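Below are the chains, spelled out letter by letter.
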Amino acid sequence: MEDVNQNQVDQIIDYVVREVIRRPGVSIAADSPLVSSGLIDSLALVNILQKLEDVTHMRIPAGKVQPKDMDTVALMFGTAKRVGKPRR
Amino acid sequence: MALNMLGMLAVVLFLWAVAWNLPGVRARQGLLLFACYFFYVNWGLGFLSILIASSLLNFAIGSLLRRRPTAGPLWLGVAVNVLLLGFFKYLPPLLHDRASYILMPVGMSFWTFQGLSYLFDIYRDEDIDPSLLEFSLYMAFWPTVFSGPVCRMPEMLPQFREKPSFSATNISAGALLMIQGLFMKFVLAQLLAPGVTAGFDQLKSGWGGADVWLLGIAFGFLLFFDFAGYSLMVIGVARLFGIQVAQNFDRPFLSTTPSKFWTRWHMSLSFWIRDYLFVPLAAARRNAWWPYATFVFSMTLFGLWHAAKWTFILWGLYHGLLLVGHRLGQQAKRRLQITAPPYLGVFLSGAATFLLVSLGWVFFRANELTKALSMLSAVVSPGAYLRFALPRDFYVLTIAIGLTYFVFSATRSLLVSWRTRYTEALSCGAPSAVGPRPKDLTLTTGGVIDFFAVRLWWWFAPAVAILTAFAGLAIYKQSAVITVTPFIYTLF
Chain A
887 MEDVNQNQVD
897 QIIDYVVREV
907 IRRPGVSIAA
917 DSPLVSSGLI
927 DSLALVNILQ
937 KLEDVTHMRI
947 PAGKVQPKDM
957 DTVALMFGTA
967 KRVGKPRR
Chain B
-6 MALNMLGMLA
4 VVLFLWAVAW
14 NLPGVRARQG
24 LLLFACYFFY
34 VNWGLGFLSI
44 LIASSLLNFA
54 IGSLLRRRPT
64 AGPLWLGVAV
74 NVLLLGFFKY
84 LPPLLHDRAS
94 YILMPVGMSF
104 WTFQGLSYLF
114 DIYRDEDIDP
124 SLLEFSLYMA
134 FWPTVFSGPV
144 CRMPEMLPQF
154 REKPSFSATN
164 ISAGALLMIQ
174 GLFMKFVLAQ
184 LLAPGVTAGF
194 DQLKSGWGGA
204 DVWLLGIAFG
214 FLLFFDFAGY
224 SLMVIGVARL
234 FGIQVAQNFD
244 RPFLSTTPSK
254 FWTRWHMSLS
264 FWIRDYLFVP
274 LAAARRNAWW
284 PYATFVFSMT
294 LFGLWHAAKW
304 TFILWGLYHG
314 LLLVGHRLGQ
324 QAKRRLQITA
334 PPYLGVFLSG
344 AATFLLVSLG
354 WVFFRANELT
364 KALSMLSAVV
374 SPGAYLRFAL
384 PRDFYVLTIA
394 IGLTYFVFSA
404 TRSLLVSWRT
414 RYTEALSCGA
424 PSAVGPRPKD
434 LTLTTGGVID
444 FFAVRLWWWF
454 APAVAILTAF
464 AGLAIYKQSA
474 VITVTPFIYT
484 LF
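Protein chains in written order, with my numbering: chain A, 887 to 974; chain B, -6 to 485.
Extracted from the complex, chain B is given alone in its bound form (with noise of 0.2 Å):
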C-alpha cells in the first residue's frame, strides 16, 4: 500500500500549527489522537475500529493486569493480541481464496507488538500509568502507525504528557533525518529496485552462483536504504513534534557478527524479540542446548511475524541457526585456542557476517520457496559460477552503492570518535587539545568537526537537498517514468 506522503505531510503541519497553542495537555494529546485517527481512516473505517477495539481491550486488560500482576492475565492479553493478529494475518494464507475477504488492517502487525510489550512491561512492574486517552495514542500514533519503529510505552509516556518545546534543534534535526530518509528512500532504494526486481522476478532460472550473491547482496542494500529511509522519515517527523523515537537502524552492515548485526538491524522488533521472547524463555531451563533452541525458537518466530510464508519461516531458522553457530564457533575457537591478529580477525569475521547475512536474503525476497531453493543450488554448485545472467550494469552498480556505504559508513565512524575525542578533551579541559596550535591532528580534526556538526542545518541539509534533486534528475532522465516502490515494510 502506497504511503500518501503529501497528506501525511499535511496532517503533520495543520497539527504543528494547531496543538502546538493548546494549554492543556488533554486538549493537546485528544487532538494528536483526533489526527491520528483522522489519518488512519483514509484507509478503512472497519481498521480504524479494529485499531479502537485493540487499544480498548489492551487496556481493560492492562488495568486488570496492574491489580493482579500474575500470568492469568498476562495470558489472556497475550491470547487476545494472537488471537486478533492471527485471524487478519494469517488465516487468509491459510484460507486461500475463502477468506479473500478478511483484510489485514495497515500496520497491525507493529501496533499489536507495542499493545503486547505494554502488557509485559506492567506484569513487569514497570512504573506506566497511563489514561485510555494516552494509551489509544501511543498505539495510533501517527508517525509509527504503519511500518513502526516498535514504541514501548515507558519511552513515550512521559513524552506524551510534556508540553513539546518549540526548538531549533528538533526542526532541524528533524528535518535533517527526514531529508536523510528520503535520500535513502527515492534515490538510492530507487536505483537498487529495477535491478533487483529483474533478477528476483523476471528470471524463472539459469541464476549464476556469483548472479545469487549478487542479489541477495543488493537485496540487502535496498531493504536497507527503504525501510531505513522510512524509519528515518518517521523519526524525523516525530521530532519535528518534539517526540524521540528510538532508531531502528545503526549501521548494520559494519557488523562483525551475526549476533552483532541483530543489535543493528531492525532494532525496534529485534530487541522486543530479545526482551519479551528470547530471554524470558532462555532463562527458564538449565539444559546446555536450550538457549541455542530458543534462538533457533525467537528467529523462526521473528520470520513468522513477516508472513504466514515458507520463505520467512526459513529466513528466520536459517539466521537462528547462524546464531547458534556463532556461540559453537566462538565456543570451540576458545578450545583450540585459535587465534588471529586483531585487525585481521574482525576483518574475516565482519565479511563471513556480511555475506551469510546477504545470502540469507535470498530467501526473505523470493517469493516461492523453489525459486529460493532453485537460487541456492547455484551459490553450491561449482560449475554455475561459470553463468551469469544478471546484466553487468548491475554489478557495477551494486558493487559502488556497496563500497560507498562501507567507506562512508567508517570514514563516519571514524571521524565521529575524532569528535568525541575532542569533546572529551574539552571537557578535561587540556590546553593543547583545544587552543589555537594543537599537537595532536586527530583533535584539530575532531574539532572542525564538531564546529560543523553543532552548525549541521547550515550545510548538510541544503548539501542533501541539492545532491537529492540532481540525483532524482538523473533517474528521471534515465527512465523518462518514475515508478517509485512503495515501502517495502508496510507489507508486513
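So that you can see chain A by itself, here it is in the shape it has in the complex (with noise of 0.2 Å):
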C-alpha cells in the first residue's frame, strides 16, 4: 500500500460505504474483507471494479480479475496495478 495513493484509497471506502453498504454506522478499512464477509455481493462488486477505473484513471479488465482479487479495498489496487493499463 505504500506507494498508492492515500487519497485515491479513501475514494473507493468512501464509495463503499456510502453507496454498497449503505448501512449506518457501519465503517470499514483497507483490510476489511467485503467479498469473503457478504457485506458486497457480485453486482456491487462490478460497481466498485468500474469505480476502481474512476478513481486510478486506468482500464482494468474485468476478464482477468476474480472477486478474490477484490476482497478488501487494499487488494483492489493492487489488483489495478497488477492488471490495469493507462485510460487512452
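In case anyone wonders, no lab produced these hints; they're calculated from the structure.
Take these hints with a grain of salt, some might be off.
[To be verified] Derived list of chain A stretches under chain B, where covered just means 3 residues or more per stretch with a C-beta under 8 Å from a C-beta of chain B: (1) 920 to 932; (2) 946 to 954.
[Stated by the list, open to error] Take a look, some chain A residues computed to stay more than 10 Å from chain B by CB distance: (3) 893; (4) 895; (5) 896; (6) 900; (7) 903; (8) 904; (9) 908; (10) 941; (11) 958; (12) 960; (13) 969; (14) 972; (15) 973.
[Unchecked claim] Derived pair list, reagent style SDA-like, types lysine to any residue, alpha-carbon separation capped at 25 Å: (16) A:954 with B:237; (17) A:971 with A:923; (18) A:954 with B:286; (19) A:950 with A:909; (20) A:937 with B:376; (21) A:954 with B:197; (22) B:197 with B:376; (23) A:937 with B:324; (24) A:971 with B:114; (25) B:326 with A:924; (26) A:937 with B:318; (27) A:971 with B:57.
Since the model is a prediction, treat every value here as computed from it, not as a measurement.
By construction, the Cβ of each residue, glycine as well, lies at the ideal position given by its N, Cα and C atoms.
Both chains come to you apart, so use the hints to assemble them.
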C-alpha cells in the first residue's frame, strides 16, 4: 500500500460505505474483507470495479479479475496495479 | 444412474490403505489417478476415454495459454469445451431418436466446468503449474467426478502435493460429514420423495393453488436434502484423505434475499457463474441496464447447464428476473424512503425469498412445460385455492419437515454465535467469561457447546447413526420395500 495514493484509497472506502453497504454505523478499513464476509454482492463488485477504474484512471480488464482479488480495498489497488493499463 | 456406493467405499478403503504408505508424491498421485480411472471406468471405457481426451486437451491448451495468456488460446479452450459438452449433452435432445446412441459421460457437466475454470485461472495469471498427472487427477478426482462440487485448481493443487496427514481430526470430521449426508439423503429425502413424485408425475391436472405451493416447497427440501446430502458425503470422503473440498450449501432456505440465496445454494456452480461469466460480462459495459441483462443471461445459462429443456431455461430466466426485481425493489425502497422495523423487514424479506424460490422449483421439477404452466395457472387462480388434490398426510409431512428445518437451522446459528462469543472471550482472556462462575448465560452456554463441539465424535456420530437406523427401520416398516431414488444431480 506504500505506493498507493491515500486519497484514492479513501475515495474507494467512502464509495463502498456510502453507495454499497449503506448501513448506518458501518465503517470499513483498507484491509476489511468485503466479498468473503458477504458485505458486498456480485453487482456491487462490478460497480466497485468500475469506480476503481475511475479513481485510478486505469482500464482494468474484468476478465483478469477474480472476486478474491477484490476482497479488500488494499487488494483492489494491488489488482489495479497488476492488471490495469493507463486509459487512453 | 445409481451410485455404486459399496464399490465406492471399497475403493476408498483400498486407496486409503495403500496410498497412505507411499513415500513419493508422484507415486501417490499416480495411484490416486489410477484409482480414479479404475472407478470411473465402471461406467464405460468410452466415457473414460472422453474424460482422458478432455483432460489432455485442456492441459495442452492450458500450456499454450501459460506461454501466451491472451484471449485467443482462451477462446480456443472455451470453444473446445463447449463443443464437447454440446455434442454429448445438448445434441441428443435436439436430434431426438436420431442421436440416441450418443450418451453423455457421467459427470461431464461438472468436470468440463473444472477444465474451463483452470483455463480462466491461467488467463488470470493464477500461480498454478500442475503436471499432466496432477491435472488429470484434478479432472478425475473420484469423490467429486460425478456431481461436484465443482473444484478449482488453486485450491486442489497444493493439497495434491502435500503428504496427507493421518489425523483423527480429518477422519472424525470426514465421517461426520458423511453421516450427516447419509441422513439427509436416505432419511429426509426419502421421506419426501414418494409424495413429490406422486404430486408431480401421477397427477395430470387438477392441482389446487395450495397444492402447487406445497409441491414447490416439498421439492425444494427434497432437492436440498438429496444434493446437499450428496455433497456432504463426497466432501466427507475427500476429507478422510485429508483433502478439503469447499462446501456446496450453506443454510440456503434462511436466505433473506434472492441474491443471498445464490451465495448459499449449489455454491460451487453459482460462484463459478459469478466469477467466470457474470463479473467479466457485467463490467464490460457501463449502461445502467447492462448488469441486469447480464443477470438474466447468466442465470438462463445456469438453467440451461442442467439440461436442454424449456423448463430449466425458464427456471434460470425466472431466477435472473428475481435477482433483477430484487435490485430494482431495493432502489425503489431507498428512493421512496420506505423503512420497516429491522426484524420485521428481515422476516418478510426472508419469507418472500423462500416462497418465490419454492415457486421456481415447479419449473425445475415439472417434466413438461405445459405441466409447469398448468400448475402455475392454479397459483394465480383464486378459485383453485378451494381445491385440494394432494393427501393430507403429505401436507403434514412437508410442513413438519419444513418447520423442523427452520427451527434446527435457526437454533444452530444461534448456538454457533454463542460459541464464537465464548471463544472470542476466551482468546481475550476475559476472566468473567471463562471462570467457574460466569455472569453471562450465553457465554456459559457457549462454553458448554464448545466443550461438546471439540468432542463431537463422542456423541454426535453415534447419535446420528442410531437415529438413521431407527428412521430407516420406520420407513422400511411403512413401505416394506425401500425404493431409494437416485441422486438427482447425477442426472445432469
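Results of checking the hints against the structure:
Counting residues of the region 920 to 932 of chain A whose beta-carbon sits less than 8 Å from any beta-carbon of chain B gives 6, enough to reach three: the coverage restraint holds. Here's how the region 946 to 954 of chain A fares: 6 of its residues keep a CB closer than 8 Å to some CB of chain B, so the rule of at least three is met and the hint holds. Every CB of chain B is more than 10 Å from the CB of residue 893 of chain A (nearest about 23 Å), matching its label as outside the interface. Every CB of chain B is more than 10 Å from the CB of residue 895 of chain A (nearest about 21 Å), matching its label as outside the interface.
Distance check on residue 896 of chain A: its Cβ is at least 23 Å (rounded) from any Cβ of chain B, clearing the 10 Å threshold; non-interface status holds. The beta carbon of residue 900 of chain A sits about 18 Å from the closest Cβ of chain B, which is more than 10 Å, so the claim that it is off the interface holds. Distance to chain B confirms residue 903 of chain A as a non-interface residue, since its nearest Cβ pair spans about 15 Å, more than 10 Å. The Cβ of residue 904 of chain A sits about 12 Å from the closest Cβ of chain B, beyond the 10 Å cut-off, so the non-interface label holds.
Chain B draws residue 908 of chain A into its interface by the beta-carbon criterion, the shortest separation being 8 Å against a cut-off of 10 Å. Every CB of chain B is more than 10 Å from the CB of residue 941 of chain A (nearest about 15 Å), matching its label as outside the interface. Residue placement check: residue 958 of chain A keeps its beta carbon more than 10 Å from all beta carbons of chain B (closest about 17 Å). No Cβ of chain B comes within 10 Å of the Cβ of residue 960 of chain A; the nearest lies about 18 Å off, and the non-interface call holds.
For residue 969 of chain A, the shortest C-beta to C-beta distance to chain B comes to about 8 Å, within the 10 Å cut-off, and the non-interface label is violated. Every beta carbon of chain B lies more than 10 Å from that of residue 972 of chain A, the smallest distance being close to 18 Å; the non-interface claim holds. Distance to chain B confirms residue 973 of chain A as a non-interface residue, since its nearest Cβ pair spans about 13 Å, more than 10 Å. Of the pairs offered as hints, the one joining residue 954 of chain A and residue 237 of chain B holds, with about 19 Å between alpha carbons and a cut-off of 25 Å not exceeded.
Distance hint between residue 971 of chain A and residue 923 of chain A is unfulfilled; the C-alpha atoms sit about 29 Å from each other, more than 25 Å. As the CA atoms of residue 954 of chain A and residue 286 of chain B are separated by approximately 24 Å, the hinted pair is consistent with the 25 Å bound. A distance of roughly 30 Å separates the Cα atoms of residue 950 of chain A and residue 909 of chain A; the hinted pair therefore is violated under the 25 Å criterion. Only pairs whose Cα atoms come within 25 Å are accepted, and residue 937 of chain A paired with residue 376 of chain B is rejected, the gap being roughly 51 Å.
About 48 Å separates the Cα atoms of residue 954 of chain A and residue 197 of chain B, which puts this hinted pair outside 25 Å; it is violated. With a C-alpha separation of about 19 Å, the suggested pairing of residue 197 of chain B with residue 376 of chain B holds against the 25 Å cut-off. For the proposed pair residue 937 of chain A and residue 324 of chain B, the alpha carbon gap of about 19 Å is at most 25 Å, so the pair holds. This hinted pair checks out: residue 971 of chain A and residue 114 of chain B have alpha carbons roughly 20 Å apart, not beyond 25 Å.
Restraint check for residue 326 of chain B and residue 924 of chain A: the C-alpha separation of about 21 Å stays at or below 25 Å, so the hint holds. As the CA atoms of residue 937 of chain A and residue 318 of chain B are separated by approximately 24 Å, the hinted pair is consistent with the 25 Å bound. Taken as a hint, the residue 971 of chain A and residue 57 of chain B pair is honoured in the structure, with Cα atoms around 24 Å apart against an allowance of 25 Å.
In this structure, the earlier hints numbered 9, 13, 17, 19, 20 and 21 are contradicted, and the remaining ones agree with it.
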